[in-house]
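Colleague: As they're listed, the protein sequences go chains D and H.
Residue 1 is where the first sequence starts when you use this note's numbering, and the numbers rise one by one after that.
Residue 220 is where the second sequence starts when you use this note's numbering, and the numbers rise one by one after that.
Hints should not be assumed to be uniformly reliable.
To be verified - Computed spacing ranges between beta-carbons, pair by pair:
#, chain 1, residue 1, chain 2, residue 2, range
1, H, Asn255, D, Ala14, 53 to 59 Å
2, D, Asn18, H, Met240, 45 to 51 Å
3, H, Leu304, D, Phe34, 18 to 24 Å
4, H, Ala295, D, Gln16, 22 to 28 Å
5, D, Val54, H, Ala295, 25 to 31 Å
6, H, Ala287, D, Trp155, 37 to 43 Å
7, H, Thr307, D, Gln140, 29 to 35 Å
8, D, Leu115, H, Ala295, 52 to 58 Å
9, H, Val243, D, Arg180, 32 to 38 Å
10, H, Gly257, D, Gln16, 53 to 59 Å
Quick caveat, the hints were computed from the structure, so don't treat them as lab data.
All values reported here derive from a predicted model rather than from experimental measurement.
No residue lacks a Cβ here, since even glycine has one placed at the ideal position from N, Cα and C.
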Amino acid sequence: MTRAPEIPAGARVAHQFNDSAQQKHAVLLGMWTFLATEVVLFGGLIASFVICRVMYGRAFSQAGSHLYAWIGITNTAVLLTSSAFVALAVETDPGRNRRRSLLLSATALLGLCFLGLKGVEYGLDVHEGILPRLAWKPEQFGDASRAELFMLLYWLMTGLHALHVSAGIAVIGVLAWRSRRAEYAHGHHNTIEAAGLYWHFVDIVWLFLLPLLYLGSPP
Amino acid sequence: VSDTRTRSHHPGRTIAIIAAMLMVFLGLTVLVWRLNLGLPGEIISLTIGATKAILVAWYFMNVRRAPATIRLAVLAGYFWLALLLLGTLSDYLTRYR
């Protein structure tokens, strides 16, 4: 009896698929379907914000001027760069594990940079008294109740986004470690491509949060 | 299902060019904000944001090389988002004016 050759985990075709191409298609379609539900999740919050922005224009514009726009802008550059790194990791030749691992590690590090800057910003926000209920100084706003609504949406949207970034860092970090162990050396790195799609999506959400939250007020 | 994707000869170069374009667009967004144009400025910033999102989806997320079913999933997501935004805004923009 002859033993079947050892097939690396990344290249194994699960029994329900005809071949690796079909498996890859299913993985990517599954991730895109998940992302479509994420679009609706963030879309609901964005729609709420846009409605309030239209209805309470002056109060929202004034409230927005209390945010640290330069931190938001810097974080956009950080996320865009991280997206480029993960795109390069996906395009890296299957045999170049070290390069792929380095690119994924750089992506995760930039994600940590984003969270670090966001953490500093949240600290400044609390100091400024713009955290509704918990650290709230209403006297600094012309229309405190509508400003509170703005800040509530700001914390909700950026907080939910930060949770997504944290999950992305964990996934990309594990993939960087597994890449280093040459687990994707045989070309079927579907997991990396799917995780990359998720990371880009998180980047795209931020591309809309920046103009909506930070840049809707005069500099 | 056949995989219709083909790899370009210089994927790294394309990614670098797109990354540079994204940074230029970010610079433009900051410029528009500094010019303090009011509502038109906000609309321009959001349009630039949408352009950046399309570049990321098309080149980094490889929608340009994706098979039809995946493109359909992408479009379905954005179609529902458009319905959500247009439906809700058409109500609020007309009822409270």
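Colleague: Each of the hints needs a verdict: does it hold here or not?
Modeller: Hints versus structure:
no.	hint	result
1	H:Asn255 <-> D:Ala14: 53 to 59 Å	holds (56 Å)
2	D:Asn18 <-> H:Met240: 45 to 51 Å	violated (39 Å)
3	H:Leu304 <-> D:Phe34: 18 to 24 Å	holds (21 Å)
4	H:Ala295 <-> D:Gln16: 22 to 28 Å	holds (24 Å)
5	D:Val54 <-> H:Ala295: 25 to 31 Å	holds (27 Å)
6	H:Ala287 <-> D:Trp155: 37 to 43 Å	holds (40 Å)
7	H:Thr307 <-> D:Gln140: 29 to 35 Å	holds (31 Å)
8	D:Leu115 <-> H:Ala295: 52 to 58 Å	violated (31 Å)
9	H:Val243 <-> D:Arg180: 32 to 38 Å	holds (34 Å)
10	H:Gly257 <-> D:Gln16: 53 to 59 Å	holds (56 Å)
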